[in-house]
Amino acid sequence: MKFIYSRQGLKGKEEFVQRVFEILPGLTSWTLVLGLIGLSFWQPLVSAIFVIIFLLAWIMRLFYMTLFLVLSYLRLSLEKGTDWLARARGLDRLDLYREELAKADRGKKWLSRLILNSHLRDLEMLKTRGKVPPLSSDIRHLVVVPVIKESEAVIEANIASIAKNTPLTRQIVVAIALESRAADEVKEGVRRVVAKYRGEFLDLLLVEHPEGLPGEARVKGANATFAAKAAAEYFRGKGVPFENVVVSCFDTDTVVRPDYFACLTYSFMACPDRHRASFQPVPVFHNNIWEVPGFARVVETGSSFFQLIETTDPEKLVTFSSHSMSFQALVEMGYWPVDMISDDSGIFWKAYLYFEGQYRVVPMPMTLSMDVVDAGTWWRTVVSLYKQKRRWAWGVENFPLVMRGFLQSKKISLYNKIRHGFKLFEGHVTWAALPFLLTLVGWLPAIFPSEEFSNTVLYYSANRFTQAIFGLSSLALAGTIGMSIWLLPKKQKKYPLLWTLVHGLEWFLVPVILVFLSAMPALDAQTRLMFNRRMEFWVSDKRRQG
Amino acid sequence: MIILRKILFYLFLAVYLVLCPLIILYALGYIFTPKAEEGFAKTGLIHLETVPSGASLLIANRRYGEKTPATIRNLLPGSYDVKIVKPGCRPWNRKVAVEPGKAVAFSQILLVPKKVKTRALLAQPFRELVPIPETRFLILFGTRQAGDIRVFDWKSGSSVPLVAVGSPLVHEVCERYFFSKGSPFFLLKMSGGKEGRYLWCRVDREKPEIREISDLFVRGEPAEVRWEGGNPEYLFALYGRDLVRLGLEKKSAASDFFTKIQGYGLYKGRVFGLRSFTMIRRNFDARAADPGTVIEKGTFLENLFRESGVYKIDFLSNDTLCFLCENGELLSNELPYHFVKEGVRGYEADPDGRKVLLWKTTSFGVLDFSRPAGKKELFKRGPEIDWAFDGGSDLQQAFFVYGTSHVLFRDQDGLFLVPIGEGGRSPREFLAKVLGNTAVFYSDKTGECYYLEPSRGYLTVLEVLPPEAKSLVYMFGEKEIAGKPQ
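Respectively, the protein sequence lines represent chains B and G.
Residue numbers 1 to 546, in our numbering, belong to the letters of the first sequence in order.
Residue numbers 1 to 486, in our numbering, belong to the letters of the second sequence in order.
In case anyone wonders, no lab produced these hints; they're calculated from the structure.
As the structure is a computational prediction, the values presented were derived from the model and not from experiment.
In this text, a Cβ means the ideal position worked out from N, Cα and C, and glycines have one as well.
Mixed in with the good hints, there may be bad ones.
[What the hints assert, rightly or not] Each computed DSSO-like pair below joins lysine-lysine, with the alpha-carbon atoms no more than 30 Å apart:
(1) K189(G) with K117(G)
(2) K11(B) with K423(B)
(3) K6(G) with K417(B)
(4) K127(B) with K387(B)
(5) K194(G) with K155(G)
(6) K410(B) with K6(G)
(7) K6(G) with K131(B)
(8) K251(G) with K341(G)
(9) K312(G) with K117(G)
(10) K13(B) with K131(B)
(11) K207(G) with K189(G)
(12) K297(G) with K250(G)
(13) K196(B) with K149(B)
(14) K423(B) with K6(G)
(15) K411(B) with K6(G)
(16) K80(B) with K6(G)
(17) K83(G) with K312(G)
(18) K410(B) with K316(B)
(19) K127(B) with K6(G)
(20) K131(B) with K2(B)
(21) K83(G) with K117(G)
(22) K131(B) with K238(B)
(23) K490(B) with K387(B)
(24) K149(B) with K131(B)
(25) K380(G) with K109(B)
(26) K109(B) with K127(B)
(27) K6(G) with K316(B)
[As the list claims (entries may be wrong)] Residues of chain B placed beyond 12 Å of chain G at every Cβ, according to the derived structure:
(28) S6
(29) G12
(30) L34
(31) I49
(32) E152
(33) G189
(34) L206
(35) V240
(36) I412
(37) I447
[Claimed, not checked] Across the chosen pairs, the derived CB separations fall in these ranges:
(38) L8(G) with V46(B): 30 to 36 Å
(39) L8(G) with E233(B): 47 to 53 Å
(40) V512(B) with E134(G): 40 to 46 Å
Next comes chain G alone, as it looks inside the complex:
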């Protein structure tokens, strides 16, 4: 037994001593190529995961037996044409540069169906679609008459008229409307009377509740009205550079809530204002004599903000603010403060508020606040915008899709999908034509895009994500602050 044990011990030891370095070298990407000029070569790999899975791979015109998800190893450094094909889906093509010892991973490839699935949800013509962000409600205008406005709940798939049939409001015409993200209320300004009528509509009821609040608008028509939450007590109306607080319960208007401001934003029961290069703050229910708390002051802000600019202040998270000027200048309270000089048309943040998708007329980019700053940088630079797409003609809206791996955007009357973060610019995939001059809405929770079909104006839904991708998206969820059934 002793001799046998010794023999086996040395045998196992020899196998280990031979195997161990070989396995480590192989794990690092080294292979032996029979060609005399190469010998030992350090290879790279390409990792591919698709939705739907089970797609075939062609790399440098060589067909591989593996189906996605797949890891193709032992690729000598160089550029490879990678093609993924699956029956019924559009092929996915990329030129991929493989470096020694490196892995190139495409872990969220969405294979777009050749024929995108769409279906009409409401077979009646509409002219305008107004989604209330971060709620489940879409407001649909057949005409501007109150009787032709419907509220659609995309979660349940049901719709109700905003104004009940037979109501005296049916024939009144809507001139303007206001909404606030995450709130199931909708403010309509109707024509009629000297200054018009203001209707305060709650849309998360079985039958929308409407009450007139025209008395609050004694100063006439505001430039903007905003509020916060599922049961707001106050509205904040902007008249020129003055912010007026309108008390819904007390039916009062505090005309000097903030004066001479350059911009304002609402966040967690507080109003934040920018005045004379000073950031000030007041609670929604602050008394009239309360001057407001100064939270930032000095020449620093003077250098940051333009005197003539008017800014929309938006909280992406507790710590991150965005300032969007009317000329499209985008600033933030995080380094490097100035992100875009002009031309930003809009932006959307991911559910964590760390990644921001922003778009201009012809391009869109991603600003990633979560990316750590380089440790060895002499000057702290902060995040930079990664302009992922350029070449549009009139970008109106954009949405993160499948987490933050893709972007769905509306360019004129076309709906397109583009993968991002793949290194380099990726081609856009056309999905559908939509009715121009009105919004579309995308929910990453359902993986569906809601739009008005251009020829008849029907409310239509388009399946952007295949079913197996939705389960992943569900893990991340989607903001839906208000609007839940009572």
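This is chain B alone, in the form it adopts within the complex:
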């Protein structure tokens, strides 16, 4: 579908529809929060009923998500030892490989059998659909790393981790997308890294993105697109067909595992609709997790958990942060949005509309690690985290574009339009409003009861219900604490037992964090969108110690 995934140059009805959908999320969030505050005083009885509805929905959701967090974690743990390269090579000779696997000893452990069965199902699907993948040795990886203010240490950690992906490094082209407005020391740092690692890959390109190109905003997507276009020229020159190229757009602080590209190669090959899919690893924020203040650790562990849960629902999964996709699809749809801050999720929605709903995200059972925001001091880290979350929440800018696209599309089914539209809308509204309802508004009818309300059965029941819900939620919290202990990387230095316990107690900051570093930035972003106050891309502060 020819749909310009941008709000620029809109006129008349299109502009009106865009503004309506820009206002809708913020208006709904504010109405929910202020409406329930007002109701708490004006109609406490109605407010208390709403609180029960919200709290029950929240606790059900919490248990549901905790369940999938555990399942997702289990899957990740089980796939940890997989030889992805062997699997990818196996796909090169699909029929033989299937026969070998069918005859192979499946082991006594039911979990290993489960994994093998899942792998066989992938092969079966590939065979049935008849979408033969290119040979693994013909696949080329393009890695785009946008840089603007990141330190040499952060960039080098990224490139070094890619360089450890032997023996695939000779199939990898790294394109460092450097903003021309970057500071001189950043540019020098990039040049040193390029010089050091150029020989490690098939090629290492340094592409400098000039400022102020027509139609572009000062956003990461514009930089990545410019580099991807340069890479397209490079592949054309080398005679590499685009359908054999997998492009990954990495945040600068990304650190991949040594088998990341093997896993990506397999995922790309095993996907029958590989040119209509993005490949999403699980981003975890572990690089400097033990070097940041406790609240930042809790915030980002929560983000990692959220992504883990999201991967269990591929039908609704949307690309986030560092992700990969077919280069052919990227070129065909016109690269990343060049005027949007949330280019990571924007690219999925742009592709979904361009391919009229024939596009999806394939979750990869692989983590890649990024930095937790660290601005040096406690307070600056709070501010930096707030701005980062607000930038993430600015992903709400996709909602009006997606809805306009849905209104124009004739081929996307109504069911899919409603399903995706509702999830996008509900996700953002819940993000901004629910923490306020849980931690503040929900208690108002009980804290400031009118005389009339305090003489009702509901007043006593609501208090009891709220206490029961928070009791139950502490169970889920205990599960989350346990998961965080398993999932987080080992501490580099030994801490006394007491300090470990204190780390566990950090999770009790959740109610405060939910309001100040989750709901407030989200509400801030939605309010800005509501009033048409656009945001500029703001790069989070990240640093490495030592």
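Got chain B; can you put chain G on it based on the hints?
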């Protein structure tokens, strides 16, 4: 994973869709009763909190496992006999009407001990107890001789003689005394001489300080003397309908401070007077030529006040005034202005000055200025007195207890406790016999009542509030404007 996720999603959704309405209905009080004639019924509940806590409950002769504080739910509408029992305490019985969807809350039940704790504080006989309101001092008269008067500090539990042993004043006889609330001064009129002697006593010192100020009373014995604060500069003495300002430092008397007044009151350095249906005001230190500021005038006040009436003006707060006429008529500057036609013997306000406890010979009631007026009333009516108790024989004093949840009152020589605000009249609990014809004093801060024991006249203290109730009362505090140790 997708299929599992879908199955679980629909499972969770189904559970939610079933649970949510059920929980809401239950929260509103609906239950399903197995009896065929009832089916779904909307119930009510009773919430009970006692001090001391941990009491057992019997509702409609059914014993409940919960101990107080407890909320008894799922009660079908109707009348229930509620009984609370705790070993060592008197049982608490009420008939409670439960309405559908409504909660009946008794959140401040004081369980009175079967044997009330009392102890003698001063083992010497006294005839008269005079508490200085809003201070920590009680003046105790053994006889009317100055040497037999003691000052008791209920906060520290110490007492001192008003006049030191060996003082020439020891044998002088006190004819009258005056005090003002919140002030640690006590004015004694002693017999002797032609017009008697006036002694100005400061009682918040280690040894009370006494000085004679008889020179100020050139017009003879006043009907009333009032002053304000911890270090007053002026006294205001009422002679007939004239108010005379007596300067303690300047030793002067301004005889024309206010003339022909029907009543006066002191508040924050100003004297307020009622004259010819006009409210006037002057600063304590106003010059003689200053006529005073008129703050209210007109026929409106003519309709409100009686020409022959003499009123005591009292400020409950910055905005609320009370006018108590000598015949017991009670008025206020707030709607509906007229509260009681006659018979009010006295009143006490809560620390915020928004609730007033007033008593007549056989009854007492509560006037709640904080209760908001009904929004849909065509005529603004203002608060009404809730007569919480009737059936006394000679009520002399009453006090709010445990915030404003109970009232302690002296009826003839008996001391009683009654809960208020429970809807309907509650029975009174007898606490102790006291010496008649003299005052008692209650402090909600200590939860103790001080009185003279009738057989020997000892100063005795009675524990009205159990220890766990006092912590709550401490949160609200008690007025103690003056009288703090220097």
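How the hints compare with the structure:
no.: 1; hint: K189(G) with K117(G); verdict: violated, 37 Å
no.: 2; hint: K11(B) with K423(B); verdict: holds, 28 Å
no.: 3; hint: K6(G) with K417(B); verdict: holds, 18 Å
no.: 4; hint: K127(B) with K387(B); verdict: violated, 47 Å
no.: 5; hint: K194(G) with K155(G); verdict: violated, 39 Å
no.: 6; hint: K410(B) with K6(G); verdict: holds, 27 Å
no.: 7; hint: K6(G) with K131(B); verdict: holds, 27 Å
no.: 8; hint: K251(G) with K341(G); verdict: violated, 41 Å
no.: 9; hint: K312(G) with K117(G); verdict: violated, 37 Å
no.: 10; hint: K13(B) with K131(B); verdict: violated, 42 Å
no.: 11; hint: K207(G) with K189(G); verdict: holds, 20 Å
no.: 12; hint: K297(G) with K250(G); verdict: violated, 34 Å
no.: 13; hint: K196(B) with K149(B); verdict: holds, 20 Å
no.: 14; hint: K423(B) with K6(G); verdict: holds, 15 Å
no.: 15; hint: K411(B) with K6(G); verdict: holds, 25 Å
no.: 16; hint: K80(B) with K6(G); verdict: holds, 26 Å
no.: 17; hint: K83(G) with K312(G); verdict: violated, 44 Å
no.: 18; hint: K410(B) with K316(B); verdict: holds, 20 Å
no.: 19; hint: K127(B) with K6(G); verdict: holds, 26 Å
no.: 20; hint: K131(B) with K2(B); verdict: holds, 26 Å
no.: 21; hint: K83(G) with K117(G); verdict: holds, 23 Å
no.: 22; hint: K131(B) with K238(B); verdict: holds, 25 Å
no.: 23; hint: K490(B) with K387(B); verdict: holds, 28 Å
no.: 24; hint: K149(B) with K131(B); verdict: violated, 42 Å
no.: 25; hint: K380(G) with K109(B); verdict: violated, 82 Å
no.: 26; hint: K109(B) with K127(B); verdict: holds, 27 Å
no.: 27; hint: K6(G) with K316(B); verdict: holds, 12 Å
no.: 28; hint: S6; verdict: holds, 32 Å
no.: 29; hint: G12; verdict: holds, 40 Å
no.: 30; hint: L34; verdict: holds, 23 Å
no.: 31; hint: I49; verdict: violated, 6 Å
no.: 32; hint: E152; verdict: holds, 41 Å
no.: 33; hint: G189; verdict: holds, 42 Å
no.: 34; hint: L206; verdict: holds, 41 Å
no.: 35; hint: V240; verdict: holds, 34 Å
no.: 36; hint: I412; verdict: holds, 20 Å
no.: 37; hint: I447; verdict: holds, 16 Å
no.: 38; hint: L8(G) with V46(B): 30 to 36 Å; verdict: holds, 32 Å
no.: 39; hint: L8(G) with E233(B): 47 to 53 Å; verdict: holds, 48 Å
no.: 40; hint: V512(B) with E134(G): 40 to 46 Å; verdict: holds, 44 Å
Hints 1, 4, 5, 8, 9, 10, 12, 17, 24, 25, 31 from the earlier list are contradicted by this structure; the remaining hints agree with it.
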